[in-house]
Amino acid sequence: MDPATLKFSKSHEWLHLDGEIATVGITDFAVEALTDLVFVDLPEVGRTLDAGEIFGEVESVKAVSDLYAPVAGEVTEVNTGLPDDLDALGEDPFGRGWMIRVAVTDASAADALLDETAYREHCQSAGH
Amino acid sequence: MTETLLRTPFHAWHADHGGRLVDFAGWEMPVQYTSIIEEHTAVRCSAGLFDIAHMGRLMFSGPDACRLLDRLVTNDVAALEVGQVRYALVCRDDGGILDDVLVYRFADDYLLVVNASNRVKIVEWIEDHCQGFDVEVVDRTHDWAMLAVQGPGSVELVAGVTDHDVAAMPYYRCAIGPVLGNPARISRTGYTGEDGFELIVPAEVAVSVWERLMEAEDAMACGLGCRDTLRLEAAMPLYGHELDEHTDPYTAGLGFAVKMEADEFIGREAVLAARDRDGRRRRVGLRLEGRRIAREGASVFSDASAVGEVTSGTFSPTLEMAIAMAYVEPAVAELGTAVEVDIRGKRVPAEVVKLPFYRRDA
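Just so you know, the sequences run in chain order A and B. For what it's worth, the working numbering labels the leading residue of the first sequence as 1, then goes sequentially. For what it's worth, the working numbering labels the leading residue of the second sequence as 1, then goes sequentially.
Incorrect hints may have been included.
[Stated by the list, open to error] Once the Cα atoms are required to be at most 25 Å apart in a straight line, the calculated SDA-like pairs of lysine to any residue come out as:
#	chain 1	residue 1	chain 2	residue 2
1	B	Lys346	A	Thr48
2	B	Lys346	A	Tyr68
3	A	Lys10	A	Arg101
4	B	Lys346	A	Thr80
5	B	Lys346	A	Val45
6	B	Lys121	B	Asp228
7	B	Lys346	B	Leu335
8	B	Lys346	A	Val78
9	B	Lys346	B	Asp303
10	B	Lys346	B	Arg282
11	B	Lys346	A	Leu86
Hint data in this document are derived by calculation from the structure and do not stem from the laboratory.
One chain only, chain B, in its complex shape:
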């Protein structure tokens, strides 16, 4: 049985330009146009464009918008100034992570960007938890498109489609500004470990914005394949891999996104208990010998004992080595610890290394 896949406004463009389309979280999305490594390198060295319109865009407005968001997410929404963006988690009562999200504060409303795979779940979660709040939540995923421009050349590219002074925007800031004369929301954010922007524009003008950006000589259309290798080098977690409903924020190494002093958020007590619990597993980076890739689910061993599991792995195009993220027992979480990873029945030596694997020059 084939279910009908959702399509972003860029779908026809992808199909016309050699995009290899695959099912990603119920959306038909390009995994690559040419080569994952080429597209990856374009983002590290010049600029890449990504269709990220599959991500969920939920607008919160009304007098209690901030209070509801503070109830839903682990970070301190009330502390956000207009124009600030913050990473946060949505947790269950037991502290398990429902999603990792970005919260944007604009002058009149808030935006919550959620993972495509979790959008329906989070919309329902909000419906179940908004009683008593004077707030309007609107899912704009289909009428607004979203694209990312990532890489050292992104300032110049984005400056070509907006009058807003994007060069002056600090990282994790957002603004409302026209893009090719259309109402748009611009943020200096991304999921690649590189400088860059994410643009939200009306769906009907999405392709014209994309095509204008693609006119630049060093702009390359990039698929989800390199989005994954880029975020992995930058050690950014991916929901469904590093994060799920059975993982708490502290085990995931995301304590920075939890503000205990903030308003009471759902799951606060459980998250607090997780923080103080001894012996929880740690998210670590692994550098493997050889070129074979340790993929999700591969077991990590210390001598004969299983001490953890790989959540994501790839061959790093930037570092030209096999890397992985894994959850391991605290006894083997120290940097420099030698372990082995079982790759389809063969033990491959690996070392616990510092995260992120790649950090751009400041």
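Isolated chain A, as found in the complex:
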């Protein structure tokens, strides 16, 4: 997926909206900051999430980080192959590394998220 078409949260999740369905993952910046991923925990299909709610966790040798839902909705699909293919997060975070698909409650909520330029600026300032 082309990052230019995505929306981003300040907590480093990305979101791709296709109609009412959002695909969610974490960014290359997040993966690079974590390094040495050992574990990812994703929710069950059918779980409803509020915007900002923790939907899972990703763990590296150094630390564990929560994953936050960028928008509200119901989980319709989970990348069940991801826990056994953590390299996907490093190699293709915006594609093979996707985590969940969500039927969003309000698609316009995605407008409040950052576009790629604003997100990269956020990473720059967070890095220093």
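Since the structure of chain A is provided, determine the placement of chain B on it from the hints.
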């Protein structure tokens, strides 16, 4: 509020080579350059370089240097031959561990290497306990740098910077020898469970020694991140995790560093009592199911009862499994005992296993 962090002579090199710098015990140190797992693997398979100049280096000289050290540490300093290094503990009167240290005997003086996090505390402890001893103690932490070369390739690497016959040095031996023509102290020691050396060189030549060692094709700069995973696989305790002022040497499983027949050391009676006390907790290794990491403070359960606490945990890059060290009640300390670890609210099955998790081929 940000306090000013101390910097080792290698600081600019780290910053220029992608080192991710973090606050470690008041020092700005690299946690990794590339990946912790890559750096870890380099030490197990070839050779890694570590900046360990944050560790405290205290020199003891004068007629009572040995006697004072024997008073301060649990091991038998008088029994050290010139060129020997020994692991020891500094204890309080009540047997609680103030620090774990290495004592080096050279021909004219002794060196005490202490943890960075405890250096100021130990310097003050020495000042408070050196009355009546004819000894000079000098803190060389800032004017001497220290680096470690660890891994199966370390002999070849170190032989490239010194004329001293490092291949002939047995483990836990030290020597004074030139490194790139500079006065230096070399020891065959380390904190990784791998063969290796630690070099002490004047601060002003530290970077040139480091860069010369890095010229070797299989040498990799390594951060404190893999130093932790390496020492954990080797089951070496880390002060602040396995060791603190409320833990005695026997509970910590470090009785080998206590010599009761040695001169009276501070805390001797309390340490003796701890040795003979029934029911004290044991330091054990845990192997966990799955890949989640049991981190410091995670509770260990046997059925419904809390029976211990994790002190360090990681995902072992060598064994590719989640491992941890924990203090547990003696009833569950036997090898093979099944327990559970509470990882952020979820119970994960674990088994008590033999320490160390990793031992290099002799």
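Here's how the hints hold up against the structure:
1. Lys346(B) with Thr48(A): Since the Cα atoms of Lys346(B) and Thr48(A) sit roughly 21 Å apart, the hinted pair holds (cutoff 25 Å).
2. Lys346(B) with Tyr68(A): With Cα atoms ~19 Å apart, Lys346(B) and Tyr68(A) stay inside 25 Å; holds.
3. Lys10(A) with Arg101(A): 19 Å, holds
4. Lys346(B) with Thr80(A): Status holds; Cα separation ~20 Å.
5. Lys346(B) with Val45(A): 20 Å, holds
6. Lys121(B) with Asp228(B): With a Cα-Cα distance of about 23 Å, the restraint between Lys121(B) and Asp228(B) holds, given a limit of 25 Å.
7. Lys346(B) with Leu335(B): 23 Å, holds
8. Lys346(B) with Val78(A): 21 Å, holds
9. Lys346(B) with Asp303(B): 14 Å, holds
10. Lys346(B) with Arg282(B): Status holds; Cα separation ~24 Å.
11. Lys346(B) with Leu86(A): Judged against 25 Å, a Cα distance of about 22 Å means the pair holds.
The structure is consistent with each of the numbered hints, conforming to all of them.
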